[in-house]
Amino acid sequence: MSTDGRFTFIVAGEAGHGVRRAGNVAADLCSGMGRYVFQMDDYQSLIRGGHNFSVITSAPQPVLSQFLRADLVVALDKRSVGLHRDHLSTDGTLVYNSDAVSDAPEGAVGLPLSSLAKDYPRPDLRLGVASIVVLLVATGFSRDEAADFIRRQYARDVENNVKYGLSVYDAAVQILQGRYHLARGDAPATMLAGNEAIALGAYAGGLDMYFAYPMTPSSSILHFLAARSEDLGVVTVHPESEVAVMNMAVGAASVGARAAVGSSGGGFALMEEGFSLAGMSETPVLCILSSRPGPSTGVPTYTAQGDLGFALNQGHGEFPRIVASPGSIGEAYELAAELMGLAWAFQTPAILLTEKHLSESRMTVQLPSDLPEIPEPLMHEGSAAEYRRYENTESGVSPLRFPPSDALIKWTSYEHDESGITTEAADIIAMMQEKRLRKRKGLIEKLRRMRTVNRYGSSRNVVVTYGSTAMSVREAVAIGKLDVQVVQPVYLEPFPEWEFEQLSGSGVIVVEQSCEAQLAALLKHRTGVSVRNSITQYDGRPFDPEELAARLKEVLANG
Amino acid sequence: MDELITYAENTWCPGCGNFGILTAFTQAIERLEADGLARKDLAIVAGIGQHGKIFDYLKLNGFYALHGRSLATAQGMKLANPGLKIVVFVGDGDSYGEGVAHLVFAAKRNADLTVIVHNNGAYGLTTGQVTPTSRKGFRGPSTPRGSIEEPFNPLSLMLASGATFVARGYPVKLNHLTDLFVWAVQHEGFSVVDVLQPCVTFNNTYELYNNSVTELKVTPETFEDSMAAARRTDRLLIGVIRDVSAEPHHRQLLGDRRPAEDRRAGSDRMAAIRKTFG
Ligand SMILES: Cc1ncc(C[n+]2csc(CCOP(=O)(O)OP(=O)(O)O)c2C)c(N)n1
Ligand code: SF4
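Taken in order, these protein sequences are the chains called A and B.
Mapping of the first sequence onto our numbering: position 360 corresponds to residue 360, and the numbering continues sequentially without gaps.
To convert a position in the second sequence, counted from 1, into our numbering, add 1000.
Mixed in with the good hints there might be a few duds.
Taking lysine to aspartate or glutamate pairs in the EDC-like style, the calculated list, with each CA pair at most 20 Å apart, reads [as the list claims (entries may be wrong)]:
id, chain 1, residue 1, chain 2, residue 2
1, A, 446, A, 497
2, A, 78, A, 124
3, A, 163, A, 144
4, B, 1059, A, 406
5, B, 1275, A, 231
6, B, 1275, A, 370
7, A, 118, A, 99
8, B, 1040, A, 406
9, B, 1173, B, 1215
10, B, 1085, B, 1041
11, B, 1059, A, 415
12, B, 1085, A, 406
13, B, 1085, B, 1035
14, B, 1275, A, 334
15, B, 1040, A, 386
16, A, 481, A, 4
17, B, 1108, B, 1243
18, A, 446, A, 394
19, B, 1040, A, 381
20, A, 524, A, 499
21, B, 1085, B, 1262
22, B, 1040, B, 1261
23, B, 1108, A, 240
24, B, 1085, B, 1030
25, B, 1085, B, 1243
26, B, 1085, B, 1179
27, B, 1040, B, 1030
28, A, 481, A, 544
29, B, 1059, B, 1033
30, B, 1059, A, 391
31, B, 1275, A, 230
32, A, 446, A, 373
33, B, 1059, A, 418
34, B, 1275, A, 28
35, A, 118, A, 157
36, B, 1059, A, 386
37, B, 1217, B, 1243
38, A, 446, A, 434
39, B, 1085, B, 1256
40, B, 1059, B, 1041
Note that these hints are calculated values from the structure, not bench results.
Sequences and hints are given; from them, build the entire structure.
This is the structure in structure tokens:
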């Protein structure tokens, strides 16, 4: 274990071993001790077989990342031993399923987890329970406490789970009992997955309807909202395609419902025509883009930041759009609410850009107790007879009215006059293009008064990063005790250039999960900042903070 | 009728079947209004094509949507505010081609919309290319040697997809078409009226239809009889081919809720969030 009480547990096995469930349970166990937790599931796009693992890092102080070097690994199959044996901390323990592994490394602890399970129905699925019992033994839980815990967490077929769990307990207790002491902390009790935070944030921001077609890693937003649609009063719809998704959301917003959509790259590409429709018709829609490594179908269950350019350039034609990316799960909640408000204030689509690493990781968060401040959309107050949907106002924002109404309310995909009737007149075309782009000016004014960039630390050595990579970087800086200031633009379009003025001329280090270093390119293009080093990783895995700290140290030493 | 028409310049070719559709629809609105329909509860949605221009011509609320996507937009509107009566004007290229999935699924889920298909067997707006209902051998700029594909029968497609109200009309039979529009709007659930619309410029079918159109006096009782009526080729039957009732999609999904009107207050939202996550 690290001197500051950080403890990393890994459970690894095949899909069908209950690994992901065990990961959630282990995270809840640590969270229940008042510890801060970060949980990352590494799983493949399959239902059986393959290799899955769940990493749970916890500490009495905030943790912002999983760590690959583990204190306790429970390997349920042979492949897991091979993959994790070299990633143990100095006093780390590898526990393996001796029924599946014959050539375990020295010092590893073998337990006959499969043979102990063989008399119960669905023995494979129970291996996850065994991994939790190993964790309970190793962190000093008594036999009774362990039984209690299993009873609470594995309620399905509970008696068999408890019996099996206790047999594992008895096999492990002599060797592992109390090997690690996990200090209790006073962390908030709530753990949220990124996608849960996004869903709740959008809800706090007024979400009424969520439209989506399943695509990892965005699908759990749909699942989460669908499961709670009654409690929250949010309508969820899973139609025939992403094309339907986006056009439905636009339709819903046009009659006054706050709508959101979500997908990953491929599905988002299908929504692009509708995104442009939202731009032309001035329809507010919150769009969540959760990235996987692309191009095309890519790698569904892994992480990447290769869609930055795609998000910034989303939609054909010229119109204002908002793009922002949260740097933590807590921030995802606030940003989703904020973006919903901005989309409605400026009647234009907004993209919440994120990645699998944030969407599907879970961490300890403190949700703000108050409702975020959401600006009310501009509503029309004059007489119905005078209403024009696209009134050419100074701000470019035209007041809204919704049916049923005696006013004539026409929304349209064609270029149009103020009443929403198709036009090809040169002066009106130019006027309307200018009207829509004027909203971008107002948006920038608004953003200038908001927090658009996060800064951590005050060193002259500046590291710029964004999205979920911000968590990796901040954790790397903390554990490496690096003399670094982390600068994280939350808003990416309109880009908060004004926040980078004081860095103009200086060289910064950029860290991102993109092969083409798209953030570095954006900084060069949009600010006077020069990029002295670009640290990238594009293998689908999030940065490991220890490795990243070493890479940053090297770059800083050569600076 | 005049007070239903905007200032937009009408640019349809003289003699186009779209005029009959416009007239029949405005007559239908007058009748429906006399029957209690409030104009402010009515919304129209249109696809992109010659047919879509009707959106500009009608002084009615709604959304001029994307080519092929108007049914998705309309369903979003309906689910957000089920109090609205929504009529969707689509083209055959638009809804039987580009956006056919939305049409099939709207029928499958019994979305409470009225779909009026301006079926002219040609892409009017883009100068007369072949559509899914153009006859084999149809010559257009993209098929100069004649199309090699058989057309499909949109009515049997709609029946197979589960449409609860299916009709076919012909603008020359103006009052008959008006009746069909009235009944389609009154139908609760998915209703589609395929209108045999002659396009004088690219596919002039007046003579063909004048000779082959026959009014169907009695709506078939069974699905099989509806299918048989839809598939008849010796005569083109116009009239109601299917009319059955089923719970509409919005009611199954929402009960009596109207998401855009019954919006939850912020404080209730915070309470719900707190209830879920301390
Ligand atoms: C996505 C997309 N593809 C192509 C077009 C160009 N386009 C406009 S109308 C049209 C065809 C119209 O044919 P139809 O739907 O049959 O309507 P009609 O003009 O005959 O009424 C096409 C291809 C478009 N607007 N959008
Ligand atoms: S081109 Fe055909 S469909 Fe278009 S207005 Fe002329 S006749 Fe009508």
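Right, here's what the structure says about each hint:
no.	hint	verdict
1	A:446 x A:497	14 Å, holds
2	A:78 x A:124	14 Å, holds
3	A:163 x A:144	12 Å, holds
4	B:1059 x A:406	11 Å, holds
5	B:1275 x A:231	9 Å, holds
6	B:1275 x A:370	14 Å, holds
7	A:118 x A:99	11 Å, holds
8	B:1040 x A:406	6 Å, holds
9	B:1173 x B:1215	9 Å, holds
10	B:1085 x B:1041	6 Å, holds
11	B:1059 x A:415	18 Å, holds
12	B:1085 x A:406	15 Å, holds
13	B:1085 x B:1035	14 Å, holds
14	B:1275 x A:334	18 Å, holds
15	B:1040 x A:386	16 Å, holds
16	A:481 x A:4	13 Å, holds
17	B:1108 x B:1243	15 Å, holds
18	A:446 x A:394	15 Å, holds
19	B:1040 x A:381	17 Å, holds
20	A:524 x A:499	14 Å, holds
21	B:1085 x B:1262	18 Å, holds
22	B:1040 x B:1261	15 Å, holds
23	B:1108 x A:240	11 Å, holds
24	B:1085 x B:1030	15 Å, holds
25	B:1085 x B:1243	18 Å, holds
26	B:1085 x B:1179	17 Å, holds
27	B:1040 x B:1030	13 Å, holds
28	A:481 x A:544	15 Å, holds
29	B:1059 x B:1033	15 Å, holds
30	B:1059 x A:391	17 Å, holds
31	B:1275 x A:230	13 Å, holds
32	A:446 x A:373	13 Å, holds
33	B:1059 x A:418	14 Å, holds
34	B:1275 x A:28	18 Å, holds
35	A:118 x A:157	15 Å, holds
36	B:1059 x A:386	14 Å, holds
37	B:1217 x B:1243	13 Å, holds
38	A:446 x A:434	19 Å, holds
39	B:1085 x B:1256	15 Å, holds
40	B:1059 x B:1041	13 Å, holds
Taken one by one, the earlier hints all hold for this structure without exception.
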